[in-house]
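Following the hints, position chain X against chain D.
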Amino acid sequence: MRDFEYVAPTTIDEAVRLMAESGNRAKALAGGTDVIVQLRGGRFDIDRLVDMKKIPELNEMSYSEADGLTVGAAVPCHRIYEDATVQEQYPGLVDAAFLIGGIQIQGRATLGGNLCNSSPSGDTIPALMALGGTCDIAGPNGRRSLPVEDFCTGPGRNVLQDGEILVGLNFPSPKANSGAAFLRFIPRNEMDIAIANAAASVVLDDSKENIVSARIAVGAVAPTPMMATAAADGLAGKAASEESIEAAGEAAKAVASPINDMRGTVTQRVHLVGVLTKRALRTAISRAKGE
Amino acid sequence: MATTADRDAAAQGKFRVLGTRPVRHDGIEKVTGAARYGADMLLPGTLHGKVLRSPYAHARIRSIDTSKAEAMPGVRAVATSADFPIIQNREVNFAQSLQNPRLMAENDLADKKVLYKGHAVAAVVATSPHEAEEALNLIEVDYEVLPTVLGWREAMKENPVLLHDTLTERMTVSRADPGEDTGKPGNVASHLQLKLGDVEQGFSEADVIIEREYNTQTVHQGYIEPFACTAQWMPEGRLTIWTSTQGIFGVRGNVAAILDIPESMIKVVPMEIGGGFGGKGTGYLEPVAAVLSRKTGQPVKMVMSRKEVFEGTGPSSGSFIRCKIGAKNDGTFTAAQLYMVYEAGAYPGSPMAGGATSGLSAYKLEHALVDGYDVVCNKPKTAAYRAPGHPQVCFAVESCIDELAQMLDMDPMDLRIKNVAQEGDRATTGVPHAHVGLREVMEAIKAHPHYNAPLGGPNRARGVATGYRLNGGGSGSSATINVLANGTVNVTTGSMDLSGTRVAVAMQVAEVLGLSAEDVTPQVVDTDSVGWTGGSGGSRITFDTGRAAIAAAQLAIDQMRDRAALLWELEQDDVEFVDGNFVSKKNPEDRFTFRELAGRLMATGGPVTCSAMDTQGGVGGALAGNIFDVEVDPETGKVDIIRATAFLDIGQAAHPSYVEGQMQGGTLQGIGWALNEEYFFSEDGVMANSSLLDYRMPTTLDLPMIDCEIIEYANPRHPYGLRGAGEHPIIAPLPALGNAVSRAINQRVYTLPITPGSVLESINERDANGS
Chain D
1 MRDFEYVAPT
11 TIDEAVRLMA
21 ESGNRAKALA
31 GGTDVIVQLR
41 GGRFDIDRLV
51 DMKKIPELNE
61 MSYSEADGLT
71 VGAAVPCHRI
81 YEDATVQEQY
91 PGLVDAAFLI
101 GGIQIQGRAT
111 LGGNLCNSSP
121 SGDTIPALMA
131 LGGTCDIAGP
141 NGRRSLPVED
151 FCTGPGRNVL
161 QDGEILVGLN
171 FPSPKANSGA
181 AFLRFIPRNE
191 MDIAIANAAA
201 SVVLDDSKEN
211 IVSARIAVGA
221 VAPTPMMATA
231 AADGLAGKAA
241 SEESIEAAGE
251 AAKAVASPIN
261 DMRGTVTQRV
271 HLVGVLTKRA
281 LRTAISRAKG
291 E
Chain X
292 MATTADRDAA
302 AQGKFRVLGT
312 RPVRHDGIEK
322 VTGAARYGAD
332 MLLPGTLHGK
342 VLRSPYAHAR
352 IRSIDTSKAE
362 AMPGVRAVAT
372 SADFPIIQNR
382 EVNFAQSLQN
392 PRLMAENDLA
402 DKKVLYKGHA
412 VAAVVATSPH
422 EAEEALNLIE
432 VDYEVLPTVL
442 GWREAMKENP
452 VLLHDTLTER
462 MTVSRADPGE
472 DTGKPGNVAS
482 HLQLKLGDVE
492 QGFSEADVII
502 EREYNTQTVH
512 QGYIEPFACT
522 AQWMPEGRLT
532 IWTSTQGIFG
542 VRGNVAAILD
552 IPESMIKVVP
562 MEIGGGFGGK
572 GTGYLEPVAA
582 VLSRKTGQPV
592 KMVMSRKEVF
602 EGTGPSSGSF
612 IRCKIGAKND
622 GTFTAAQLYM
632 VYEAGAYPGS
642 PMAGGATSGL
652 SAYKLEHALV
662 DGYDVVCNKP
672 KTAAYRAPGH
682 PQVCFAVESC
692 IDELAQMLDM
702 DPMDLRIKNV
712 AQEGDRATTG
722 VPHAHVGLRE
732 VMEAIKAHPH
742 YNAPLGGPNR
752 ARGVATGYRL
762 NGGGSGSSAT
772 INVLANGTVN
782 VTTGSMDLSG
792 TRVAVAMQVA
802 EVLGLSAEDV
812 TPQVVDTDSV
822 GWTGGSGGSR
832 ITFDTGRAAI
842 AAAQLAIDQM
852 RDRAALLWEL
862 EQDDVEFVDG
872 NFVSKKNPED
882 RFTFRELAGR
892 LMATGGPVTC
902 SAMDTQGGVG
912 GALAGNIFDV
922 EVDPETGKVD
932 IIRATAFLDI
942 GQAAHPSYVE
952 GQMQGGTLQG
962 IGWALNEEYF
972 FSEDGVMANS
982 SLLDYRMPTT
992 LDLPMIDCEI
1002 IEYANPRHPY
1012 GLRGAGEHPI
1022 IAPLPALGNA
1032 VSRAINQRVY
1042 TLPITPGSVL
1052 ESINERDANG
1062 S
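The listed protein sequences correspond, in order, to chains D and X.
The working numbering numbers the first residue of the first sequence as 1 and each following residue consecutively.
The working numbering numbers the first residue of the second sequence as 292 and each following residue consecutively.
In short, the hints are calculated from the structure, not lab data.
We put the beta carbon where it would ideally sit given N, CA and C, even for glycine.
Where hints are given, some of them may not hold.
To be verified - Using C-beta positions, here's what the derived DEER-type ranges look like:
1. D/E5 to X/K321: 31 to 41 Å
2. X/K321 to D/S173: 49 to 59 Å
3. D/D261 to X/A738: 44 to 54 Å
4. X/K321 to D/N189: 22 to 32 Å
Claimed, not checked - To be clear about the criterion: a stretch of chain D counts as covered by chain X if any three or more of its residues have a C-beta under 8 Å from a C-beta of chain X, and this derived list gives those stretches:
5. 1-14
6. 182-188
7. 261-269
Next comes chain D alone, as it looks inside the complex (with noise of 0.2 Å):
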C-alpha cells in the first residue's frame, strides 16, 4: 500500500472541493468497513482519503411527518436500529442496518457507504429501494436528488461524478397500513455476503384484506440491485393472500440475471429470489396489518 493522504472537511463545500481537486484519485470515507479493506487489499491505489464523519449534516438523522425520515450518509448502523422512531416506522430499515457485519461493524458502517459501495450484493441497498429511498447528492454543480434505484449503474459503480459526495438519505413517512421487510440468504447466520436478497414494502387498504400498492427490490442476481416492478405492480388490487404472495414472488425471478459465483450458481439464486420476495412479502403484509 502506498501512503496517501487523509483529510477530514468539516462542510459539505470542502468536501466537495476536495474530491473534485483529486478527481478519481479521491475516495470517500465514513465507516471504512468496506474502503479500508479495499485499500488494504490492493483493490484501487489513491492519493486522498476524504473523511465524511466531521460534517454535521451527514451525521443528522431527523424524522417528521411531513418529510420523513432523513439519515446522513455517514450515520453508523447502530444509530438507526437503536432508534425508537425508527424501529416504530420503519422496522424493514432495521432489518436491513442490523444485517451489515456484526456488532463492531455495525458501530461504524453506514447506509451511505453501503449504497456507494454499490455491490451487487449489498445488504441494506433492496431495503433502500423497497422504501422509496432518494439519494441527496452535493457535487461542484451543486445539490441534486435521485432515487435510490437509480443510483447504482454496475458492480462497484454508480452515477456519482468526481467531486460529488452522498450526502444523505430521504425516506417518505410510511402510509396508513403499510408494512416492509428485508431478507437475505446467506449460509453462515452472520458475517456474510448474500447469495441474494429481497425488501418488500406494502400498502394495504382499509380492510387489511387488500394490497393497494407495493414494492418489491431483490439483490445479488444482477449487476445492480434491481426493483421487480412487473411483480410488485402485480400486486396492486389483489387480496393479500398466499396466492398472491406466490405470483409475486414466481414473477420477481423474471428480473433476476445473476452468475454462477463461489457464493452461489444461477439456478439457486434465481430460486432464492422467488423464495425470499415471497417470504418479505408475508413478513411485510404481517407488519401492514399490526401483527
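Quick look at chain X alone, frame taken from chain D:
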C-alpha cells in the same frame, strides 16, 4: 468406565488434583492481552519482510530480476531461493521422508517452478512493511505458464501434465516404511496398501454389499493468528528466531538444514500461539527471515496476511474415497475395502496414510483391503490438520455404515456395536488393538438421553457417527523440575501450549508431589533451555510431556528423600513420601511437609533440579463420536444444527474443562468442514475465497451448545490413565452431519461441504427420482 456426570456426582474423584478444574496459569495473561504472540515481537532496529507470491498455479520461472526493487528507497535486501544453500547444494530426492528439507526450502521460496497460486517466489525487506509490499511490485519474474493440474482427477488421468519431472510412484505396505520405487513417473507419489485376509472371499460371504463414492474438498485449519516470526542473525553467526509454532525443535532442524548451518548455532524462542491445529507444525517464513537478517545485519520480522495464510500455507487434503462393505443380514461385516486418493498439493506428503491406517480400524474385520494414493497437484502443499487424514476417510466409512444400517433396517449404533473391535483384534495395519474404549464409547452414545430424545419438529433428523484415530509413537518430550524454597515448583518444558497443556502438565506434577496445581508454575522455554522435545501435535503433550514431567517429579522426590535422610541421619530407603509428606520409616514422628523440606534444601546441599526425557511415549488410539440433530429448510437448503453432543474416550481427564474445550473445538471445526468450508478454485487454480468472509468458518451464531460426554477408560500406558484429547473430536462431525442431513431430506449426501446449494440439488434429485 466412568463419565463426567458420575464423577461430578461423587464427592471425590480417584485423584487429588487430576479431574479438577483449576484456573490455567496462562489464562489471565491471555484474556487481558498481556500474552505475547508471534506478531507482538518488536526488537530495536527491526526491518520488515514481505513475500512475492506467484500469480499462477503452475509455471516455470525463466528469470527473476530484483534490481528495481533493490533500488527502491527504504528497501534493504531481497532474497530468492538462490540464497538457500540447500537448494544450491542438494538435489531433490523424493524418496526422503515427508519432512524433506530440500522440498520445504522450495516451498518456502520456489526454485525453478511455481506449483500453486500463492507459492513464494522472492522476499523483500524494508524499513516498513508498506515499503516492502510496494517493492514486491518492482520484482520482475518471467514465467512460462504451464497447464494447471487442479485436482486428483487431472493428476491421475492418462498422460497427465507433470508437476515434478523426477517424481516416481513408491509402493509400500506399511505406514512407517518408505517402500519401493516402482519407477513409474507421474503425479502419484506413493501407493500404500494394507491387507487383512482375502476381501474377495469376505465379499462372497456377504448377504448385502454396499459400495459408494465420497468427495471432500481442500479445507484450512483456520487458526486465528497468521504466521509471524522475527529472525536476528548476530555478527558471530548465531541465529535467534522468535516464532509462533507448534514445534521449536522442528523449526530449528529445518532452518539448520535449509541454511546449511549447525543446529547448535540456532536458538528458537516460542511465542504464544494463536491456534495451530497441526498447520503450524511446518514453518514457512523462518528461513526467509533468517536470510534477510543475515543480509542486512538487523532483525527481520515477517507476518503473513490472511490471504497469504490461505494461499501460501498448508491446508488439509481434498479427497476421493470409494468404500465397499459386505455384511450378513444380521449386520456382521464380512469384508471392507477402501480406495482412497488424497491430494498432497504441490509436494508429496498428504495425510493419506493416517486415514488409511485408521479408517476401518474401529471394526473387527477378517478381510480388509485398503489402497491409498498420495497425489500431487497445483494446490498449496498440504499440512497436518487435527487427526490428519482421518475426517475424510471417516466421512466415507461412517456414511457408508449409516446407509448400510438403513438398508438392513438396523439401528446405526447397534450395527456399529455388533462389529466393534475388541482388545486384541487386529486393526487394518495388522497390529492388535490395545486396551481402548471402543465399545464403551459406542455404548455411551447409544445410552445417552440425546440418542432417543424427540426431534421436536418437521424437516428434522438425527445423525450419529464415531471417529477412530489410531495414534502411533510419540516423538519424545523433556521436562525439568525446579523445587523452590517456598515449597512451590517450576516445571519447564519445550511444549508449546495449544490447548491448556501447561495446566494439564502442571496438574500431573502436583499430583505426584502432593501439591496444588497453583503451587506448580509451568514454563515453556526456548531450544537452548530445555532438552529436545518433539512438536505439540498428535494429541501427545498432556501424555508425553506429562510422562516426562512425572518422571522428573519422581526424581525430585528421590533427591528430597536423600535430604530428609541426611537431616535424620538415615538412608534414602528409610524415608518414604506419603500424601505429600516425607516420613521416617524408623520414627514416624519425624516428618516434613513438602514445603518444610523445600525450605531446607539450601542448607542440605543446594537446590533440587531434576530433568527427565520420555521417549517411550505413544499415546495410543481412542474413539470419539457425535450426535447431531439438524433441521433443513426445504426451500433454501440451509442446515441448522438444533442439538449437538460430543463423546470422547479420554482415559482420565486431567483438566475436564480443557478436554471439553478440545471436544467442542474439534466438533466446531468438523461442522465447518461438513457444512461450509472449502477452497473455491477458478479453473486456472486461483483461490476465489481467500478471506475469512468467504471462507465461511462457523461463527458462534451457527453453533448450538455442544454438550460433552467424557468417557474415562483408563490408558495403561500412562501412570494416571490419560489419553489424548486434541485430534479425535474433529473426525466424527463430518459423517454425523452427513448422516443427519441425509436422513432429514431422505436423500443420501456423498460430497462435502453440504452447502445450501448442494442440499437444494439433492432435494431436486430426490423429487426427480420420485423417492
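Hint check against the structure, violated hint numbers in rising order: No hint contradicted; all consistent.
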